[in-house]
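**Student:** Sequence:
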Amino acid sequence: MDEQTKLELEAAVFRRLVDHLRGRTDVQNIDMMNLAGFCRNCLSNWYQDAAAEKGLPLDKADAREIVYGMPYDDWKAKYQTEATADQKAAFEKNKPQH
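First residue of the sequence shown? That's 1 in the UniProt record's numbering, and the numbers climb one at a time after it.
Hints listed in this document are in silico derivations from the structure and should not be mistaken for laboratory results.
Below, computed lysine-lysine pairings styled on DSS-like, alpha-carbon distance capped at 25 Å:
no.: 1; residue 1: Lys95; residue 2: Lys76
no.: 2; residue 1: Lys54; residue 2: Lys6
no.: 3; residue 1: Lys76; residue 2: Lys60
no.: 4; residue 1: Lys78; residue 2: Lys60
no.: 5; residue 1: Lys88; residue 2: Lys78
no.: 6; residue 1: Lys88; residue 2: Lys76
no.: 7; residue 1: Lys60; residue 2: Lys88
no.: 8; residue 1: Lys60; residue 2: Lys95
Okay, the calculated beta carbon distance ranges per label pair:
no.: 9; residue 1: Met1; residue 2: Asp74; range: 37 to 45 Å
no.: 10; residue 1: Asp59; residue 2: Arg22; range: 14 to 22 Å
no.: 11; residue 1: Lys6; residue 2: Asp59; range: 23 to 31 Å
no.: 12; residue 1: Val13; residue 2: Met70; range: 20 to 28 Å
no.: 13; residue 1: Ala85; residue 2: Lys6; range: 41 to 49 Å
no.: 14; residue 1: Ala61; residue 2: Thr81; range: 18 to 26 Å
no.: 15; residue 1: Leu17; residue 2: Lys93; range: 24 to 32 Å
no.: 16; residue 1: Asp74; residue 2: Ala52; range: 23 to 31 Å
no.: 17; residue 1: Ala83; residue 2: Leu9; range: 34 to 42 Å
no.: 18; residue 1: Lys88; residue 2: Glu3; range: 38 to 46 Å
no.: 19; residue 1: Leu58; residue 2: Val13; range: 17 to 25 Å
no.: 20; residue 1: Asp2; residue 2: Met70; range: 32 to 40 Å
no.: 21; residue 1: Gln80; residue 2: Lys6; range: 32 to 40 Å
no.: 22; residue 1: Ile66; residue 2: Glu8; range: 16 to 24 Å
Here the structure is a predicted model, which means the values were calculated and not measured.
For glycine and all other residues, C-beta sits at the position ideal for the given N, C-alpha and C.
Work the whole structure out from these sequences, hints included.
**Tutor:** This is how it looks when you write it as C-alpha coordinates:
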(Lines of atoms letter the chains of each structure in order from A; the text may use other names.)
(Lines give C-alpha, C1' and ligand atoms only; values in the text may rest on other atoms or scores of the structure.)
Protein backbone atom coordinates (compact mmCIF):
# COMPACT_ATOMS: atom_id res chain seq x y z
CA MET A 1 0.00 0.00 0.00
CA ASP A 2 1.40 3.40 -0.87
CA GLU A 3 1.80 6.09 1.80
CA GLN A 4 -0.90 8.41 0.41
CA THR A 5 -3.50 5.63 0.42
CA LYS A 6 -2.46 4.66 3.95
CA LEU A 7 -2.81 8.27 5.07
CA GLU A 8 -6.27 8.56 3.47
CA LEU A 9 -7.45 5.34 5.10
CA GLU A 10 -6.16 6.41 8.51
CA ALA A 11 -7.93 9.76 8.13
CA ALA A 12 -11.17 8.00 7.16
CA VAL A 13 -10.90 5.71 10.21
CA PHE A 14 -10.34 8.70 12.49
CA ARG A 15 -13.39 10.50 11.06
CA ARG A 16 -15.48 7.37 11.51
CA LEU A 17 -14.31 7.00 15.14
CA VAL A 18 -15.15 10.64 15.89
CA ASP A 19 -18.57 10.29 14.24
CA HIS A 20 -19.22 7.14 16.24
CA LEU A 21 -18.27 8.85 19.51
CA ARG A 22 -20.45 11.85 18.69
CA GLY A 23 -23.38 9.46 18.32
CA ARG A 24 -22.63 7.62 21.55
CA THR A 25 -23.26 10.44 23.98
CA ASP A 26 -24.42 7.80 26.46
CA VAL A 27 -20.82 6.64 26.83
CA GLN A 28 -19.10 8.82 29.38
CA ASN A 29 -15.44 9.73 29.12
CA ILE A 30 -14.71 8.09 32.47
CA ASP A 31 -16.15 4.83 31.11
CA MET A 32 -13.87 5.08 28.09
CA MET A 33 -10.87 5.81 30.31
CA ASN A 34 -11.65 2.91 32.61
CA LEU A 35 -12.12 0.44 29.76
CA ALA A 36 -9.76 1.65 27.04
CA GLY A 37 -7.33 4.06 28.66
CA PHE A 38 -8.33 7.01 26.48
CA CYS A 39 -11.34 9.26 25.96
CA ARG A 40 -12.63 12.09 23.80
CA ASN A 41 -10.39 14.56 25.63
CA CYS A 42 -7.37 12.38 24.88
CA LEU A 43 -8.29 12.38 21.19
CA SER A 44 -8.58 16.16 21.20
CA ASN A 45 -5.22 16.46 22.97
CA TRP A 46 -3.61 14.17 20.38
CA TYR A 47 -5.20 16.24 17.62
CA GLN A 48 -3.76 19.39 19.18
CA ASP A 49 -0.34 17.71 19.48
CA ALA A 50 -0.43 16.69 15.80
CA ALA A 51 -1.29 20.25 14.78
CA ALA A 52 1.60 21.57 16.88
CA GLU A 53 3.99 19.11 15.21
CA LYS A 54 2.98 20.69 11.89
CA GLY A 55 3.47 24.19 13.29
CA LEU A 56 -0.27 24.90 13.27
CA PRO A 57 -1.80 26.81 16.16
CA LEU A 58 -4.78 24.99 17.65
CA ASP A 59 -5.99 25.69 21.16
CA LYS A 60 -7.57 23.15 23.48
CA ALA A 61 -11.11 24.50 23.03
CA ASP A 62 -10.91 24.29 19.24
CA ALA A 63 -9.41 20.79 19.34
CA ARG A 64 -12.18 19.62 21.65
CA GLU A 65 -14.84 21.13 19.40
CA ILE A 66 -13.41 19.13 16.48
CA VAL A 67 -13.79 15.89 18.45
CA TYR A 68 -17.05 16.65 20.27
CA GLY A 69 -18.76 18.35 17.32
CA MET A 70 -19.74 21.26 19.56
CA PRO A 71 -18.13 23.39 22.25
CA TYR A 72 -16.99 21.20 25.14
CA ASP A 73 -19.03 23.12 27.72
CA ASP A 74 -22.17 22.54 25.63
CA TRP A 75 -21.44 18.81 25.42
CA LYS A 76 -20.86 18.59 29.17
CA ALA A 77 -24.12 20.43 29.90
CA LYS A 78 -26.12 18.17 27.57
CA TYR A 79 -24.55 14.76 28.08
CA GLN A 80 -22.08 14.48 30.95
CA THR A 81 -23.29 12.82 34.12
CA GLU A 82 -21.69 12.75 37.55
CA ALA A 83 -19.26 9.86 37.91
CA THR A 84 -20.18 7.24 40.46
CA ALA A 85 -17.90 6.35 43.35
CA ASP A 86 -17.10 3.05 41.60
CA GLN A 87 -16.18 4.83 38.36
CA LYS A 88 -13.94 7.26 40.22
CA ALA A 89 -12.24 4.45 42.15
CA ALA A 90 -11.62 2.47 38.95
CA PHE A 91 -10.20 5.56 37.30
CA GLU A 92 -7.80 6.24 40.16
CA LYS A 93 -6.64 2.63 40.11
CA ASN A 94 -6.14 2.37 36.34
CA LYS A 95 -5.63 5.88 35.01
CA PRO A 96 -3.09 5.99 32.19
CA GLN A 97 -0.05 8.17 32.47
CA HIS A 98 -0.23 9.80 29.03
